[in-house]
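Engineer: Sequence:
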Amino acid sequence: MPENRVYITRQVGNEAIALLKQKYKVEIWDSEEPIPKETLLTAVGGISGLFCTVSDIIDAGMVFNRPQLKVVATMSSGWDNVDVAECRRRGIEVCKTPDIAADAAADIAVALILMTSRNIVQGIDAIRQNLFHCWKPFWLCGSGLINKTIGILGFGRVGFGIARRIKPFGVERILYNDLEEIEYAENCAQYVSLDTLFSSSDILCICCGVNSLTKGMVNSKLLQRMKRTSILINTSRGVVVNHDDLAEALSDGTIAAAGLDVTDPEPLPVGHPLLTQPKCVILPHMGTNTAETRVAMSVNTAKNILAVLN
Numbered sequence: 092m093p094e095n096r097v098y099i100t101r102q103v104g105n106e107a108i109a110l111l112k113q114k115y116k117v118e119i120w121d122s123e124e125p126i127p128k129e130t131l132l133t134a135v136g137g138i139s140g141l142f143c144t145v146s147d148i149i150d151a152g153m154v155f156n157r158p159q160l161k162v163v164a165t166m167s168s169g170w171d172n173v174d175v176a177e178c179r180r181r182g183i184e185v186c187k188t189p190d191i192a193a194d195a196a197a198d199i200a201v202a203l204i205l206m207t208s209r210n211i212v213q214g215i216d217a218i219r220q221n222l223f224h225c226w227k228p229f230w231l232c233g234s235g236l237i238n239k240t241i242g243i244l245g246f247g248r249v250g251f252g253i254a255r256r257i258k259p260f261g262v263e264r265i266l267y268n269d270l271e272e273i274e275y276a277e278n279c280a281q282y283v284s285l286d287t288l289f290s291s292s293d294i295l296c297i298c299c300g301v302n303s304l305t306k307g308m309v310n311s312k313l314l315q316r317m318k319r320t321s322i323l324i325n326t327s328r329g330v331v332v333n334h335d336d337l338a339e340a341l342s343d344g345t346i347a348a349a350g351l352d353v354t355d356p357e358p359l360p361v362g363h364p365l366l367t368q369p370k371c372v373i374l375p376h377m378g379t380n381t382a383e384t385r386v387a388m389s390v391n392t393a394k395n396i397l398a399v400l401n
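In case it helps, this note's numbering puts the sequence shown at residues 92 to 401.
By construction, these hints were calculated from the structure, which means they are not laboratory data. Note that this is a predicted model, so its numbers are computed, not measured. Note that the Cβ used here is the ideal one computed from N, Cα and C, for glycine as well. Take the hints with a grain of salt, since some may be wrong.
Keeping only pairs whose Cα atoms sit at most 25 Å apart, straight-line, the calculated SDA-like set for lysine to any residue is [stated by the list, open to error]: (1) 128 with 370; (2) 258 with 273; (3) 114 with 161; (4) 116 with 94; (5) 306 with 353; (6) 370 with 359; (7) 227 with 258; (8) 128 with 353; (9) 306 with 362; (10) 128 with 171; (11) 258 with 224; (12) 312 with 369; (13) 394 with 96; (14) 112 with 394; (15) 370 with 360; (16) 318 with 236; (17) 306 with 345; (18) 394 with 121; (19) 306 with 148; (20) 116 with 353; (21) 161 with 387; (22) 116 with 387; (23) 306 with 374; (24) 394 with 125; (25) 394 with 201.
Distance ranges between label pairs, derived from CB positions [to be verified]: (26) 137 with 190: 30 to 38 Å; (27) 263 with 213: 20 to 28 Å; (28) 221 with 146: 34 to 42 Å; (29) 216 with 106: 32 to 40 Å; (30) 105 with 224: 48 to 56 Å; (31) 213 with 123: 28 to 36 Å; (32) 205 with 158: 47 to 55 Å; (33) 226 with 367: 26 to 34 Å; (34) 106 with 137: 24 to 32 Å; (35) 219 with 129: 35 to 43 Å; (36) 216 with 319: 40 to 48 Å.
Please construct the entire structure, taking both the sequences and the accompanying hints into account.
Structural biologist: Dropping the structure here:
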């Protein structure tokens, strides 16, 4: 029986690689940069397991005529980078790491809430540009969280984590909308309609997954339902928000500010109005950027491959 081969598309940490090397022949695209598609197409020939990341597009062409390929394991909380239906049709297992990153993602959402509501980026810029000469009573004043209404779209592990973290700030209400009411939300958040969520929230956090219902759902129609003083936070997937509509909403004052950890496309093209919009804070997809989380995600991805191939 031929030896199982596993291909890893990025530098993912020694712990995960060591686990896989105990059992299989491991080949690695040894770089922090994404593997070129043509290189990956060649690499997947004859392998049993593919260890990929969220930036690797595993489409039907990538898995076509790969009889030895048994598992595609993506080091990400979602698998929208993988053609899951095509993989399953070909008997290829698809694995992800949905639970590990929830705490880190909730942390970054709270960070974005504070950065946008308290004008923190503007304050940092003022220091770097030597604009701070003396204390002024109302300079760079933001808005506090006490007595505010926080809305959460998608009350999974990340949404619940945001609610737990934000409640001690003294917010008045936490509202959420999901496909249905969620039992574990009873003690910390109130279920409301989508319309009520957008119209009532002072700060609205997007935490939902991507599907046919949520793709592009946060558009001008929904943004216009928000308060002019409200803030939009997105830590889910960039495709949930129409970024052209968001840019217009910020420019014309439909909403007050936005904090984004994800965009569509990613990164946004040079010249996109959001990149120079002072009311918009954009992070380079840092939601899971803790060393502990990344090690755990990579090790879990390796274990997923081991579980399938064994």
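Engineer: Run the structure past the numbered hints and jot down the numbers of the failing ones, going up.
Structural biologist: Violated hints (numbers, rising): 1, 7, 11, 20, 25, 36; every other hint is consistent with the structure.
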